[in-house]
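Number of protein chains: 2
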Amino acid sequence: MSHIVIIGGGFGGLYAVRTLKGAPVQVTLIDRRNFHLFQPLLYQVATGWLSPADIASPLRAVLKRQRNVQVLLAEAIDIDGTNRRVLLKDGEVHYDTLIVATGARHHYFGHPQWETFAPSLKTIEDATEIRRRILFAFEAAEREADPERVRSWLTFVIVGGGPTGVELAGTLGELTKDTLRHDFRHINPAESHILLVEGTDRILPTYPAELSAKAAAALARLGVSVRIGATVTDIQPDSVILRSNEQSEKIATRTVVWAAGVQASPLGRILATATGVELDRAGRVMVAPDLSIPGHPGIFVIGDLAHCRNQQGQPLPGIAPVAIQQGHYVAELIQQRLRGQTPPLFHYRDRGSMAIVGRAEAVADIGGRRFSGLLAWLAWLFIHLIHLVEFENRILVFTQWAWNYFTRNRSARLITGEPPPST
Amino acid sequence: MSHIVIIGGGFGGLYAVRTLKGAPVQVTLIDRRNFHLFQPLLYQVATGWLSPADIASPLRAVLKRQRNVQVLLAEAIDIDGTNRRVLLKDGEVHYDTLIVATGARHHYFGHPQWETFAPSLKTIEDATEIRRRILFAFEAAEREADPERVRSWLTFVIVGGGPTGVELAGTLGELTKDTLRHDFRHINPAESHILLVEGTDRILPTYPAELSAKAAAALARLGVSVRIGATVTDIQPDSVILRSNEQSEKIATRTVVWAAGVQASPLGRILATATGVELDRAGRVMVAPDLSIPGHPGIFVIGDLAHCRNQQGQPLPGIAPVAIQQGHYVAELIQQRLRGQTPPLFHYRDRGSMAIVGRAEAVADIGGRRFSGLLAWLAWLFIHLIHLVEFENRILVFTQWAWNYFTRNRSARLITGEPPPST
Numbered sequence: 000m001s002h003i004v005i006i007g008g009g010f011g012g013l014y015a016v017r018t019l020k021g022a023p024v025q026v027t028l029i030d031r032r033n034f035h036l037f038q039p040l041l042y043q044v045a046t047g048w049l050s051p052a053d054i055a056s057p058l059r060a061v062l063k064r065q066r067n068v069q070v071l072l073a074e075a076i077d078i079d080g081t082n083r084r085v086l087l088k089d090g091e092v093h094y095d096t097l098i099v100a101t102g103a104r105h106h107y108f109g110h111p112q113w114e115t116f117a118p119s120l121k122t123i124e125d126a127t128e129i130r131r132r133i134l135f136a137f138e139a140a141e142r143e144a145d146p147e148r149v150r151s152w153l154t155f156v157i158v159g160g161g162p163t164g165v166e167l168a169g170t171l172g173e174l175t176k177d178t179l180r181h182d183f184r185h186i187n188p189a190e191s192h193i194l195l196v197e198g199t200d201r202i203l204p205t206y207p208a209e210l211s212a213k214a215a216a217a218l219a220r221l222g223v224s225v226r227i228g229a230t231v232t233d234i235q236p237d238s239v240i241l242r243s244n245e246q247s248e249k250i251a252t253r254t255v256v257w258a259a260g261v262q263a264s265p266l267g268r269i270l271a272t273a274t275g276v277e278l279d280r281a282g283r284v285m286v287a288p289d290l291s292i293p294g295h296p297g298i299f300v301i302g303d304l305a306h307c308r309n310q311q312g313q314p315l316p317g318i319a320p321v322a323i324q325q326g327h328y329v330a331e332l333i334q335q336r337l338r339g340q341t342p343p344l345f346h347y348r349d350r351g352s353m354a355i356v357g358r359a360e361a362v363a364d365i366g367g368r369r370f371s372g373l374l375a376w377l378a379w380l381f382i383h384l385i386h387l388v389e390f391e392n393r394i395l396v397f398t399q400w401a402w403n404y405f406t407r408n409r410s411a412r413l414i415t416g417e418p419p420p421s422t
Numbered sequence: 000m001s002h003i004v005i006i007g008g009g010f011g012g013l014y015a016v017r018t019l020k021g022a023p024v025q026v027t028l029i030d031r032r033n034f035h036l037f038q039p040l041l042y043q044v045a046t047g048w049l050s051p052a053d054i055a056s057p058l059r060a061v062l063k064r065q066r067n068v069q070v071l072l073a074e075a076i077d078i079d080g081t082n083r084r085v086l087l088k089d090g091e092v093h094y095d096t097l098i099v100a101t102g103a104r105h106h107y108f109g110h111p112q113w114e115t116f117a118p119s120l121k122t123i124e125d126a127t128e129i130r131r132r133i134l135f136a137f138e139a140a141e142r143e144a145d146p147e148r149v150r151s152w153l154t155f156v157i158v159g160g161g162p163t164g165v166e167l168a169g170t171l172g173e174l175t176k177d178t179l180r181h182d183f184r185h186i187n188p189a190e191s192h193i194l195l196v197e198g199t200d201r202i203l204p205t206y207p208a209e210l211s212a213k214a215a216a217a218l219a220r221l222g223v224s225v226r227i228g229a230t231v232t233d234i235q236p237d238s239v240i241l242r243s244n245e246q247s248e249k250i251a252t253r254t255v256v257w258a259a260g261v262q263a264s265p266l267g268r269i270l271a272t273a274t275g276v277e278l279d280r281a282g283r284v285m286v287a288p289d290l291s292i293p294g295h296p297g298i299f300v301i302g303d304l305a306h307c308r309n310q311q312g313q314p315l316p317g318i319a320p321v322a323i324q325q326g327h328y329v330a331e332l333i334q335q336r337l338r339g340q341t342p343p344l345f346h347y348r349d350r351g352s353m354a355i356v357g358r359a360e361a362v363a364d365i366g367g368r369r370f371s372g373l374l375a376w377l378a379w380l381f382i383h384l385i386h387l388v389e390f391e392n393r394i395l396v397f398t399q400w401a402w403n404y405f406t407r408n409r410s411a412r413l414i415t416g417e418p419p420p421s422t
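Each protein sequence line maps, in turn, to chains A and B.
When we follow numbering that gives the first Met the number 0, the leftmost residue of the first sequence carries the number 0, and every step to the right adds one.
When we follow numbering that gives the first Met the number 0, the leftmost residue of the second sequence carries the number 0, and every step to the right adds one.
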């Protein structure tokens, strides 16, 4: 029986696996983590709205009734295209067809040392670490006497005005204005300064300009200062240097979150070495129109790791809908090939884009219709719930959302992760 | 206004704070963590049933409407009884009355090196680390070819047959028999070996003997082997040495959990140095019948840190009901003193004891009535919910419990905490 190996249990890999349900093939899913992560909601963990388990589903639980799949908790370190092997840190797996869906990581534009002071939001551990830093900043401010230092503890800088940056800044605005309102005795969290820094001339630069403006207005209502046309030139433990209009400005802050750059997973480079395939500047694999690697019809690359263009020649963005459609497409293609059929090329159906700004506040562009406010927020909720519907914890997440919405509560605001000091 | 400083936001400290609501005093609660932890449910986090945030409530959220309280996220490192000061790692706080409620830690009976191989269950970080080890053991077994090694990965040793050990062993039995049933392709989790090791002649040694027998029978049904009269003489990364009847036995295992010994918080020793008060062998403070330190009527010690005897001269156990009643008592006493009244001595009302063994299976001794099975389980659920009722997330926890109960699901079984390897 044909053996299909899929590396990566994100949106692309998981949807490929599920599409192969019942197919006369054997599937092996390899992932370093034992869970699928619903990345679009990571910022809600970082701000104490949801718990890690609310947005992470154990891969074995999701796939336990799909008998043609085995899950391996393992790390792929090399690919041998000649002998059709994936080399693992501890072992190897042979494949007939390989799907690589290992996604992207954050990228500090040549300044890897910034990561210590400005973590990114890609993993569960990132989210709980950012949550720890944000919550600790208020605790430190509460105990600080010097007004300058209080101000720096209450200044939060988010670098990058894409959807993640916007969502994080908006939620942080709500946290300071609303959730934490009665929590402190010496500081007023509502006096926090939240800066959202974007290098281009508007936030959400890949969205229609009209929605960028609406999102900026909504952020302003939540007390977020948006700095467009500004780039970060340095990050230190207690400050960030911004440069805009050829002027530099030093912002005193203790909490910086990086939401600016992504870079393809290192498996891209490994594939380039193994197959000679070309990479783009972000390290993504230049795939053929059927998402295979040119000259290697048995190796596919999907999701954030793939550089794929739409009919207009534009590269597709690194978002969940693209990965889901690609995973589905490749799994169908493999079955069509097995049946001796000629599959069509990949065609991305753009169903629109949306970003949440705050409680009952979002912007959306669906099928060319643009809307914002409560309606967009409900659409966002609905579409996210549809995707969560795949998973067992959807009812709990919905309960949690509804509960938090009506009570304005964020019960998951725990400072954890650092081993507690020994007293 | 009289300033009452409380160190420790566990059951004792938090109930003292809440009893002082509306009193004409100023209260400062000092804790190293920003949340109150519902410790009796920690084992449910360790086995993937609940998330950390389900059993941890941010102290500021719990107390935000109690205006006479301020919360300090800080670590107390010394007490100056002469000048009535608590010295913090970074600062100091003056008090008129001090309540020390810093609880207990685990204790390895002179073998601190065992902690690396056999973590205890005291903090949220302990629970997620134990969860990681338990879940990873099944993953490693799934990928292991050698039957000996598979067996050692599927052998779990829990040291200590008190309530925590019994609850953990029972829940682990359910996890292997039930939750993970369809998750693996190469191993059968139901073939796991779960050993519960107890040094005395029965598990739950502080409970009536009848309940110990019922709990042992329930554990046997869940596949747990109970080893009574056995002590651990060595722990290595891949084995445990048990000694019973003057014979030693080596158990090959990769997962050991320590639920055996507790020792009072180091603040006990600090109090002994500062005030000359006597400590018992576990480092607990020998308090006066009104829970103050003899000769220091303005310093109280409550909860697991206090050595306090009942009318029969038996020391009270280190359990939540004792701490809660003591916190309540001291807070009332302080108010009576301020009103010029003479307070009564502390009198513990023993409302019984219970332990959960598995799904719909528990043992209870309430007011001299002993029962087990579903009824005891419902009593356990009810009493725990009553206490959770103090906190905002009770509805969510109840939903989660009900959901998990009916679906036999454990959605929180995530392997987290270790930074993911870099691919």
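Treat the hints with caution; some may be incorrect.
It does not matter which identical chain is meant; a pair holds if it fits inside one copy or across any two.
As the list claims (entries may be wrong) - Mimicking DSS-like on lysine-lysine, the simulated pairs with C-alpha atoms at most 30 Å apart in a straight line are:
1. Lys-176 <-> Lys-20
2. Lys-63 <-> Lys-176
3. Lys-249 <-> Lys-63
4. Lys-88 <-> Lys-121
5. Lys-249 <-> Lys-20
It is worth saying that the hints were derived from the structure and are not from the lab.
Between copies, within a copy, both or neither: which fits Lys-249 and Lys-20 at Cα up to 30 Å?
neither (55 Å within a copy, 45 Å between copies)
Within a copy, between copies, both or neither: where do Lys-88 and Lys-121 come within 30 Å Cα-Cα?
within (22 Å within a copy, 34 Å between copies)
If the cutoff is 30 Å on CA atoms, where do Lys-249 and Lys-63 land: within, between, both or neither? Let me know, please.
Close neither inside one copy (53 Å) nor across copies (35 Å); limit 30 Å.
First find the shortest C-alpha distance between Lys-176 and Lys-20 inside one copy, then the shortest across copies, and answer within, between, both or neither for a cut-off of 30 Å.
Between copies only: 26 Å across, 47 Å inside.
Check Lys-63 against Lys-176 for me: Cα-Cα at most 30 Å, and say if that holds within a copy, between copies, both or neither.
Close across copies (15 Å), not inside one copy (43 Å); limit 30 Å.
Violated hints for the displayed structure, listed by number in ascending order: 3, 5.
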